[in-house]
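A.B. asks: First to last, the sequence lines map onto chains A and B.
Quick note on numbering: the first sequence equals residues 461 to 643 in my numbering.
Quick note on numbering: the second sequence equals residues 14 to 231 in my numbering.
Among these hints, one or two may not hold up.
Stated by the list, open to error - If you want the footprint, here are the derived chain A segments under chain B, 3+ residues with CB under 8 Å:
hint: 1; stretch: 463-472
hint: 2; stretch: 489-498
hint: 3; stretch: 501-510
hint: 4; stretch: 552-559
As the list claims (entries may be wrong) - Cβ-to-Cβ under 8 Å is the rule here; a few derived chain A residues that face chain B:
hint: 5; residue: Ser-475
hint: 6; residue: Ala-479
hint: 7; residue: Arg-568
hint: 8; residue: Val-633
hint: 9; residue: Leu-634
hint: 10; residue: Arg-638
It is worth saying that the hints were derived from the structure and are not from the lab.
Because the structure is a prediction, the values reported are computed rather than measured.
Here a beta-carbon is modelled for each residue, glycine too, at the ideal position from N, C-alpha and C.
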Amino acid sequence: MIFAVCEYGAGNVRSVVLALERLGARRTDDVAAADLAVLPGVGSARAAMAGLRERGHDAALRERVAAGRPVLGICLGLQLALEWTEEDGGVDGLGLLPGTAVRLREGRVPRIGWAGVDDRGAFYFAHSYGAVTPAATGWSEGIVAEVRSGSFVGCQFHPEKSGALGARYLERVLEEARSLSLA
Amino acid sequence: MGDPVELGAAYSDAGADELVFLDIAATLDGRRTLVELVRRVAERLAIPFTVGGGVRSVADADELLAAGADKVSVNSAALERPGLVTELAEQLGSQAVVVAIDAEGGRVRSRAGTTETARGAAEWAREVEERGAGEILLTSIDADGTRAGYDLPLTREVAAAVSLPVIASGGAGGAAHVAEALEVAQAALLASILHEDPARLASLRGELLAQGVQVRDV
């Protein structure tokens, strides 16, 4: 299994790279050729979108999803895949799936810590914005925790920081990507 | 007390929710050592990793994140130049910026606790929240090392002053203290009581569960 990470210039992508390598996957810089492309979740929306555009990742990701090829969006990566986010004064996203991201209005923000996702157990979250989308497939305390649309899977939590449960989540994502690429 | 890499890995495996490294010596030479240490520890962790100690600029923070930290913690540098908090938040996102506040007698202390400032802890917490901090790591110097419990009045005051998550630190002696702290703060930090016996983490989690505290499965 070969994965690519669509970096956009900020933050720590090492955690997700290490987590995927631990599962036996190997990294490539070729976003188009990879079995799985990962849109990581660090930094903030405006700078991230600019970084993705600069590197041509926006086009590469749209092509992948149009062709039914697997993409995993993590945290901010999920939000950037939507049409628009309220962050940084309002930023257009990639439009890989319908919906928007809005600032969390309840509780302490950023929402940081471990929280249950449906009946799957606890995962680690660190976010100030949440998705509003018809593509939601998982929930945590009333907040969208997972989305799916075509070959795009997005998780609001950080599976690479969610211990053994997170590792199993990534394993399933890799398995799904493998079956899609064999199909 | 042992190899930080092995210790970090052990805590990660034993169910710690997060690992925090604070390099209190934080010299210029020490920075290179810290970055290398962060790189080695990050390889062994599957939980969030916060690193602090001598972070004075966005470049310092970027270096730590590139090495594998998920969040950076700033303390003295933020007191000296509060604009640093905003810069870090803009560059890294608030969720990656922890502001560590050390307080004694309600007053904020700087430079590893050696220098008193005129600021109140709650007031400083409010200011860094405005500036974009994502979390407050609140250490009570009064309670630190006493093992008699966290400083609940201080923690309550700071937690009430902000809408940010607050991590209580200083004073833990046992599960009951941690349970109390989690009623007023969003997280509780433990250090020496675990480092002297890392196996204690597993039994502590069991005791917390028995006391009705939500503890995740590992």
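A.B. asks: Restraint: A/Arg-568 near chain B, CB-CB cut 8 Å. Satisfied or not?
C.D. replies: Hint holds; A/Arg-568 Cβ to chain B Cβ min 5 Å, cut 8 Å.
A.B. asks: Using a Cβ cutoff of 8 Å, are there at least 3 residues of the stretch 463-472 of chain A near chain B, or does the coverage claim fail?
C.D. replies: Coverage by chain B holds for the stretch 463-472 of chain A (3 residues, Cβ < 8 Å).
A.B. asks: Taking a Cβ-to-Cβ distance below 8 Å as contact, does the stretch 501-510 of chain A have at least three residues touching chain B?
C.D. replies: holds (count 4)
A.B. asks: Can you take a look at whether the stretch 489-498 of chain A is actually covered by chain B? Rule is 3+ residues, C-beta closer than 8 Å.
C.D. replies: Our answer is that it is violated, as 0 residues pass the Cβ test (under 8 Å) against chain B, missing three.
A.B. asks: Does A/Ala-479 pass the interface hint, meaning its C-beta sits closer than 8 Å to a C-beta of chain B?
C.D. replies: holds, 7 Å
A.B. asks: Let me know if the C-beta of A/Arg-638 comes in closer than 8 Å to any C-beta of chain B, holds or violated.
C.D. replies: Hint violated; A/Arg-638 Cβ to chain B Cβ min 22 Å, cut 8 Å.
A.B. asks: Report holds or violated for chain B covering the stretch 552-559 of chain A, Cβ cut-off 8 Å, minimum 3 residues.
C.D. replies: Our answer is that it is violated, as 0 residues pass the Cβ test (under 8 Å) against chain B, missing three.
A.B. asks: Next item in the hint list is A/Val-633. Is there a CB on chain B closer than 8 Å to its CB?
C.D. replies: Result: violated, 15 Å to nearest chain B Cβ.
A.B. asks: Could you check if A/Leu-634 really has its C-beta closer than 8 Å to a C-beta on chain B?
C.D. replies: violated, 16 Å
A.B. asks: Mind checking the CB of A/Ser-475 against every CB in chain B and telling me if the closest is under 8 Å?
C.D. replies: holds, 6 Å
Comparing the model with each earlier hint shows violations of hints 2, 4, 8, 9, 10; every other hint is respected.
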